[in-house]
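Novice: As given, the protein sequences belong to chains A and B, one line each in that order. For what it's worth, this note's numbering labels the leading residue of the first sequence as 1, then goes sequentially. For what it's worth, this note's numbering labels the leading residue of the second sequence as 1, then goes sequentially.
No lab work stands behind these hints: they were computed from the structure. As the structure is a computational prediction, the values presented were derived from the model and not from experiment. Note that the Cβ used here is the ideal one computed from N, Cα and C, for glycine as well. Just to be clear, a hint being listed does not mean it is correct.
[Stated by the list, open to error] Quick list of in silico lysine to aspartate or glutamate cross-link-like pairs, DMTMM-like style, CA-CA up to 25 angstroms: (1) K172/B with E78/A; (2) K51/A with E27/B; (3) K77/B with D174/A; (4) K7/B with E73/B; (5) K172/A with D166/B; (6) K183/B with E78/A; (7) K4/B with E90/A; (8) K172/A with E78/B; (9) K4/A with D8/B; (10) K7/B with D8/A; (11) K54/B with E90/B; (12) K7/A with D8/B; (13) K7/B with D11/A; (14) K172/A with E73/B; (15) K4/B with D8/A; (16) K4/B with D11/A; (17) K7/B with E90/A; (18) K172/B with D166/A; (19) K51/A with E73/A; (20) K54/B with E27/B.
[What the hints assert, rightly or not] Pairwise CB distance ranges, derived in the manner of DEER restraints: (21) Q203/B with T175/A: 41 to 51 angstroms; (22) G89/A with Q212/B: 35 to 45 angstroms; (23) Q22/B with E78/A: 49 to 59 angstroms.
[To be verified] Cβ-to-Cβ under 10 angstroms is the rule here; a few derived chain B residues that face chain A: (24) S37; (25) D65; (26) V66; (27) S67; (28) I122; (29) S126; (30) S139; (31) P141; (32) D145; (33) K146; (34) D166; (35) D174; (36) G199; (37) Q203; (38) S207; (39) W208.
Protein chains: 2
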Amino acid sequence: MEIKVLKDILDANKQIAARNRQWLDSEGVLAVNLMSSPGAGKTSLILATIKQLKGKIKIGVIEGDVSSSLDAETVGKEGVPVVQINTGGECHLDANMVSNALSNMPLPDVELLFIENVGNLICPASFALGEHKKVLISSLPEGDDKPFKYPLMFDIADVVVINKIDLLPYLKFDTDAFSRAIKGINKKVKIFPISCATGQGVQEWTSWLLNQMSRR
Amino acid sequence: MEIKVLKDILDANKQIAARNRQWLDSEGVLAVNLMSSPGAGKTSLILATIKQLKGKIKIGVIEGDVSSSLDAETVGKEGVPVVQINTGGECHLDANMVSNALSNMPLPDVELLFIENVGNLICPASFALGEHKKVLISSLPEGDDKPFKYPLMFDIADVVVINKIDLLPYLKFDTDAFSRAIKGINKKVKIFPISCATGQGVQEWTSWLLNQMSRR
Numbered sequence: 001m002e003i004k005v006l007k008d009i010l011d012a013n014k015q016i017a018a019r020n021r022q023w024l025d026s027e028g029v030l031a032v033n034l035m036s037s038p039g040a041g042k043t044s045l046i047l048a049t050i051k052q053l054k055g056k057i058k059i060g061v062i063e064g065d066v067s068s069s070l071d072a073e074t075v076g077k078e079g080v081p082v083v084q085i086n087t088g089g090e091c092h093l094d095a096n097m098v099s100n101a102l103s104n105m106p107l108p109d110v111e112l113l114f115i116e117n118v119g120n121l122i123c124p125a126s127f128a129l130g131e132h133k134k135v136l137i138s139s140l141p142e143g144d145d146k147p148f149k150y151p152l153m154f155d156i157a158d159v160v161v162i163n164k165i166d167l168l169p170y171l172k173f174d175t176d177a178f179s180r181a182i183k184g185i186n187k188k189v190k191i192f193p194i195s196c197a198t199g200q201g202v203q204e205w206t207s208w209l210l211n212q213m214s215r216r
Numbered sequence: 001m002e003i004k005v006l007k008d009i010l011d012a013n014k015q016i017a018a019r020n021r022q023w024l025d026s027e028g029v030l031a032v033n034l035m036s037s038p039g040a041g042k043t044s045l046i047l048a049t050i051k052q053l054k055g056k057i058k059i060g061v062i063e064g065d066v067s068s069s070l071d072a073e074t075v076g077k078e079g080v081p082v083v084q085i086n087t088g089g090e091c092h093l094d095a096n097m098v099s100n101a102l103s104n105m106p107l108p109d110v111e112l113l114f115i116e117n118v119g120n121l122i123c124p125a126s127f128a129l130g131e132h133k134k135v136l137i138s139s140l141p142e143g144d145d146k147p148f149k150y151p152l153m154f155d156i157a158d159v160v161v162i163n164k165i166d167l168l169p170y171l172k173f174d175t176d177a178f179s180r181a182i183k184g185i186n187k188k189v190k191i192f193p194i195s196c197a198t199g200q201g202v203q204e205w206t207s208w209l210l211n212q213m214s215r216r
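When you get a sec, could you build the whole thing from the sequences and use the hints?
Specialist: Shown next as structure tokens:
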């Protein structure tokens, strides 16, 4: 019975996600779902991307948090449209929350939409939002064993951004073993090692984003 | 309706947690629920504690993970009894899982029991396990804004261990602002800044643990 209820929720979510996707497509928006542990650098990646792509493409941001609007305020200072979702305790965004946020987003003024999920490596993996690409940010200080411990998240990701590579000299972290572990779970995934703090590797990530947009 | 179901689940969990607590008390075991983001250092804190207290007190460990038994294997090498719980997708431990684990733990040989929760700053805060103390590990690389973004977790904690303080020179992190933010949410909380990598501050933490045990 419990499993049935969960399945119903996930089925309903999938239907709303499919509608969100159609809506985004009709507006010509590429939507990217950013997922990670708390503090891995979702907001920092958004800020680094805005810095590089400002004036080139129109970016919008949906910020998902359990509470507070800190990230929305930070991103809003960059002059891009931002909609905050407070989940009120829920540990992940769902398609219905994103549908409500889309109603409040000036979509004709957006070409690339970042949806910053709640900081959590588990439940966000199970809830499609209508996004075109799923991006997992995994930061060096979290350790190189994360693919084994949160395999579903690594399995569903289109891209893994390895953030905070500037800290490599100060940590025990085997970059090759980490990449091998990711590829063992998900052969097709793209991996971008970057540092939002120093800017290293950000260009490769934004080039990939631009390439995704040009294919549409 | 949805809220009612959740309330029922939480009520049932509370009852099982109360039974776990009685069971632990009758065996003279102090149980500590360790919670954090993925990779903040729950297992490292357990290992650092075992290193300092081995031969002084008898330690047991329950390891909670979505999947894998990596941490249980690591901890088991220290020669302490370990029981692994794989939640199979659930993003937190609950009292029933812990009850099953307790049945498999040689409690007469345990004085201090660590329960390592699933790496998640949200849902574990809502599920009592029967523990005597709730310890939140928050690591420097996660950022000093975490109390504002995950307030419930900071509110329910008896102790906040600030881990990875050896990385302070390489990060933007305001330790005073962080402590103030925690105290703003939770006046009674004890805060231990430590580094499991260098051992700095671990002694203060283990002294606190021993003090808790002597009071029983």
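Novice: Each hint should be assessed against the structure and marked as holding or not.
Specialist: Against the structure, the hints:
1. Straight-line distance between C-alpha atoms of K172/B and E78/A comes to about 20 angstroms, which keeps the hinted pair within the 25 angstroms bound.
2. For the suggested pair K51/A and E27/B, the alpha carbons sit about 59 angstroms apart, so the restraint of at most 25 angstroms is broken.
3. At most 25 angstroms may separate the alpha-carbon atoms for a hinted pair to count; K77/B and D174/A meet this at roughly 21 angstroms.
4. Pair hint K7/B plus E73/B does not hold up; C-alpha atoms about 36 angstroms apart against a cutoff of 25 angstroms.
5. Only pairs whose Cα atoms come within 25 angstroms are accepted, and K172/A paired with D166/B is accepted, the gap being roughly 13 angstroms.
6. Of the pairs offered as hints, the one joining K183/B and E78/A is violated, with about 31 angstroms between alpha carbons and a cut-off of 25 angstroms exceeded.
7. Only pairs whose Cα atoms come within 25 angstroms are accepted, and K4/B paired with E90/A is accepted, the gap being roughly 15 angstroms.
8. The suggested pairing of K172/A with E78/B holds, with an alpha-carbon distance near 20 angstroms, which does not exceed 25 angstroms.
9. A C-alpha spacing of about 17 angstroms is found between K4/A and D8/B, which places the hinted pair at or below 25 angstroms, so the restraint holds.
10. For the hint pairing K7/B with D8/A, the CA-to-CA distance comes to about 19 angstroms; that is within 25 angstroms, so the pair holds.
11. For the given pair, K54/B sits about 32 angstroms from E90/B by alpha-carbon distance, which is inconsistent with the 25 angstroms threshold.
12. With a C-alpha separation of about 19 angstroms, the suggested pair K7/A and D8/B falls inside the 25 angstroms cut-off, and the hint holds.
13. Taken as a hint, the K7/B and D11/A pair is honoured in the structure, with Cα atoms around 23 angstroms apart against an allowance of 25 angstroms.
14. In summary, the hint linking K172/A to E73/B is supported, as the alpha carbons are separated by about 19 angstroms, within the 25 angstroms threshold.
15. Restraint check for K4/B and D8/A: the C-alpha separation of about 17 angstroms stays at or below 25 angstroms, so the hint holds.
16. Between K4/B and D11/A the alpha-carbon distance is near 21 angstroms, which keeps this suggested pair within the 25 angstroms criterion.
17. About 14 angstroms separates the Cα atoms of K7/B and E90/A, which keeps this hinted pair within 25 angstroms; it holds.
18. Using a Cα cut-off of 25 angstroms, the hinted pair K172/B and D166/A holds, with the two alpha carbons roughly 13 angstroms apart.
19. A distance of roughly 16 angstroms separates the Cα atoms of K51/A and E73/A; the hinted pair therefore holds under the 25 angstroms criterion.
20. Restraint check: the Cα-Cα separation between K54/B and E27/B comes to about 20 angstroms, which is no more than 25 angstroms; the hinted pair holds.
21. As the Cβ distance of Q203/B to T175/A is approximately 33 angstroms, the hint placing it in 41 to 51 angstroms is violated.
22. With their beta carbons about 30 angstroms apart, G89/A and Q212/B fall outside the hinted range of 35 to 45 angstroms.
23. Range check, Q22/B to E78/A: about 54 angstroms between beta-carbon atoms, so the 49 to 59 angstroms window is met.
24. Interface hint at S37/B: satisfied, since its Cβ lies 5 angstroms from the closest Cβ of chain A, which is below the 10 angstroms cut-off.
25. Below 10 angstroms, beta-carbon pairs count as interface contacts, and D65/B has one with chain A at about 6 angstroms; its hint therefore holds.
26. The restraint placing V66/B at the interface with chain A holds, with a minimum CB-CB distance near 6 angstroms, inside the 10 angstroms limit.
27. Hint status for S67/B relative to chain A: holds, with the closest Cβ pair at about 6 angstroms, below 10 angstroms.
28. Interface hint at I122/B: satisfied, since its Cβ lies 4 angstroms from the closest Cβ of chain A, which is below the 10 angstroms cut-off.
29. Interface restraint check: S126/B against chain A, minimum CB-CB distance 8 angstroms, threshold 10 angstroms, status holds.
30. Proximity of S139/B to chain A holds as hinted, the smallest CB-CB distance being about 7 angstroms (cut-off 10 angstroms).
31. Hint status for P141/B: holds, given a least beta-carbon distance of 4 angstroms to chain A, under 10 angstroms.
32. The beta carbon of D145/B comes within 6 angstroms of a beta carbon in chain A, closer than 10 angstroms, and the hint placing it at the interface holds.
33. Restraint check, K146/B versus chain A: the minimum CB separation of about 6 angstroms is within 10 angstroms; hint holds.
34. Taken as an interface hint, D166/B checks out: its beta carbon lies about 8 angstroms from the nearest beta carbon of chain A, inside 10 angstroms.
35. Evaluation of the D174/B hint against chain A yields a violated restraint, the C-beta minimum of about 14 angstroms exceeding 10 angstroms.
36. Hint status for G199/B: violated, given a least beta-carbon distance of 15 angstroms to chain A, over 10 angstroms.
37. With 10 angstroms as the threshold, the beta carbon of Q203/B stays out of range of chain A, its nearest partner Cβ sitting at about 22 angstroms, so the hint is violated.
38. Given hint, S207/B at the interface with chain A, is violated; its Cβ is 27 angstroms from that chain's nearest Cβ, farther than 10 angstroms.
39. Look at W208/B: its Cβ only gets to about 25 angstroms from chain A, farther than 10 angstroms, so that hint breaks.
The structure is inconsistent with the numbered hints 2, 4, 6, 11, 21, 22, 35, 36, 37, 38, 39, although it conforms to all the rest.
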